[in-house]
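A.B. asks: Residues per chain, in single letters:
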Amino acid sequence: MSDPVAMSRPRKGAAGKTGTWRTFRPVVDREACNACGLCAMYCPDACIDADLEIDLEFCKGCGICAQECPKKAIRMDREER
Amino acid sequence: MAEIPEDEYLLKCTTACAGCSAALALRYVLKAAGPDTVLVVPACCTSVLQGIYPNTAFAVPVYNIAFAAAAACASGMSEAFASEGKKTNVIVFAGDGGTVDIGIQALSGALERGTNFLYICYDNEAYGNTGMQRSGATPIGARTTTTPGGKTDTKKDIDRIIAAHNIPYQATASAAHPKDLFEKVKTALATPGPSFIHILVPCPPGWRIPSDMPVTVGKMAVKTGMWVLWERKYGELTINGPSRAVMKKRLPLKEYLSLQGRFKGITEKQVNELEQQLGKNLAMLAKEEAGEC
Ligand SMILES: Cc1ncc(C[n+]2csc(CCOP(=O)(O)OP(=O)(O)O)c2C)c(N)n1
Ligand code: SF4
Ligand code: SF4
Ligand code: SF4
Ligand SMILES: [Mg+2]
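If you're matching them up, the sequences are chains P and W in order. Counting in full-length UniProt numbering, the first sequence runs from 1 upward without gaps. Counting in full-length UniProt numbering, the second sequence runs from 1 upward without gaps.
Since no wrong hints were added, every one of them can be taken at face value.
Below are the DSS-like pairs computed for lysine-lysine, each with C-alpha atoms no more than 27 Å apart in a straight line: (1) W:LYS249 to W:LYS223; (2) W:LYS223 to P:LYS71; (3) P:LYS71 to W:LYS219; (4) P:LYS72 to W:LYS254; (5) W:LYS87 to W:LYS179; (6) W:LYS233 to W:LYS280; (7) P:LYS17 to W:LYS12; (8) W:LYS155 to W:LYS233; (9) P:LYS12 to W:LYS12; (10) W:LYS223 to W:LYS264.
A few chain W residues that don't get close to chain P, going by computed Cβ distances all over 10 Å: (11) ALA2; (12) ASP36; (13) THR37; (14) ILE65; (15) ASP101; (16) ILE104; (17) ASP157; (18) THR191; (19) LYS233; (20) ARG250; (21) LEU253; (22) SER258; (23) GLY265.
Hint data in this document are derived by calculation from the structure and do not stem from the laboratory. Cβ coordinates follow ideal geometry from the N, Cα and C atoms, glycine included.
Next comes chain W alone, as it looks inside the complex (with noise of 0.2 Å):
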């Protein structure tokens, strides 16, 4: 296991909130990637947390572009990169909005091409930048600005849309375990082509939980099977760290929901959905791991 540099590639400090994970994820991806790198940023709260020009607090080149062009820009910068014998690494960081609902043909696109480079999908399950209205990944039953009843559509399963592409590295990873992301990081850096990795990012404003608490509701996340740590190279796949204990015995649901402000009013029947579907996904990656599927 690489040793975790001290180097951080966030100037104190970024205009984040308060305990803001999307921030903390981000330290641990750029600690893995190094100075050679550079990260492309569709609109989302990453936007907002470089600081104000003609100052950044990131101390690596950031190329913001509109949503829908991460992608396509990353894989033209890939190109080029590689036509003068760079290797510098792309880095596309975007929000759960901007991956799964607006960027996601061109996310697609680039990776049919083989483009490169790493996506990265920060999941705060909203729109937060704007105020947190509903996207396609937030979860029934969560209230947002645009659900203030609770959603009634499910979480978009962006993952088993691009596993469907065959890409050479995908991965989960979560801002409660930095030394899970950091590894996955470095893994996919080193990987050729295109690499996926979706990082749960608990958002204290968002998920109206106090800003102290993002790392203990991740790890609940986690325990309680809502978020699943697994890898896949090459098609193997691999479940991880503390996700290989919570296959066999997990914590009740309810545990992880009853700490956020968002879930206050979510029915027994939309508990009950969330409930098979995280038993129909963990048996599904089960299924997957022992290669009966």
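Chain P extracted, bound-state conformation (with noise of 0.2 Å):
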């Protein structure tokens, strides 16, 4: 049976794979990283999960978890597409 009103459910990935958006890549050196998590607290899109993986399906490279880390221990390389 259709909604009777026009209502959206929540669906992973509603605005499609942003991680197509992306032109620079967050990659996490773990020797640096001293898991302070302040890059997962701070992703906009939690893109970064418990274990520091970052999710590169939908991470839109915005670069914020690379700027807030203490440790300078995530590097933003530019994506090859």
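Fit the two chains together into the complex; they arrive one by one in their own frames, and the hints show the way.
C.D. replies: The following block contains the structure:
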């Protein structure tokens, strides 16, 4: 049955695979990282999980994680496409 | 201090610009509010952030509504939930244009009626969604698409307009200080009656800053005293966190202005005006906190 009103439903990828927006890709240097979690806290799109894995399917490449990392442990590498 | 939950209520990803700190702020608002929450959203970037029908990136119900009606709609919702014995949080999440300009009378009415809700104004200091026209919240000297030579009028002091309604809880916050924001949303939702939180959200395209800079710029707003973090509970003002130190010693305003392309053409006179307003605001807050006014 169709909805009685125009109603959207929550779904991952509602705005498409936003990882395709990226021109620079964040790369974490695990040696330099002290696991403070600030990058994950500040990612506007919650693309960094508790194990500091970055979801590149969705990461928009804004670079906030790299800018705010106190250890300068995140590099922004140009995407080759 | 409550632990910030790992749950996310903005599913990957919204359509927000890369580096959008309004989305960052909303992430923490929803973490604090939890799943039993309804958002009321007037036209603004947040209407678009949700994604494309029939899908949405928001995992809580959202009622999208016309500008002038947001707070009135929230009043009705809040009453309806109460009459059914439900404790659902009703949160208006509105832009600065939707708050300080277009939605102000409905907001004033809802505050006066004592509606049990939280009204959040996320302030990117312009009409972002329609291409960065100036709003009543745009500061002096900032270039927008309708003030190409820099705005000549003063930023409207919405916080003192709200304060005149004597509501139980009012606060300022910043997307660059998520823990402080999280705590304030928790407090607001635990306080019966109307609450208001005004969040500064640096916006990369609007402020003409690179997409990696919103958090740095947001922190600098606080360090220079351009933005002050405070809360007022039942009339008692407290200046919070990093803003406490700023009351004694602050960084020069130009360290905030020079990070942003929108202030490129600002005149000496306008910088002085901003300095004066900033100093006056800090002095008034210090007096109020000390119980001298
Ligand atoms: C009555 C009415 N006037 C104008 C518009 C067009 N409009 C849609 S969003 C918007 C800007 C809103 O600015 P703000 O509230 O600051 O939110 P932001 O877009 O910056 O997030 C405008 C002017 C509208 N939708 N309705
Ligand atoms: S680049 Fe931006 S979107 Fe990608 S992980 Fe870092 S903060 Fe998140
Ligand atoms: S901010 Fe830097 S140091 Fe901290 S967890 Fe992230 S990568 Fe590691
Ligand atoms: S214009 Fe600014 S507030 Fe709107 S989505 Fe983009 S970054 Fe966010
Ligand atoms: Mg705005």
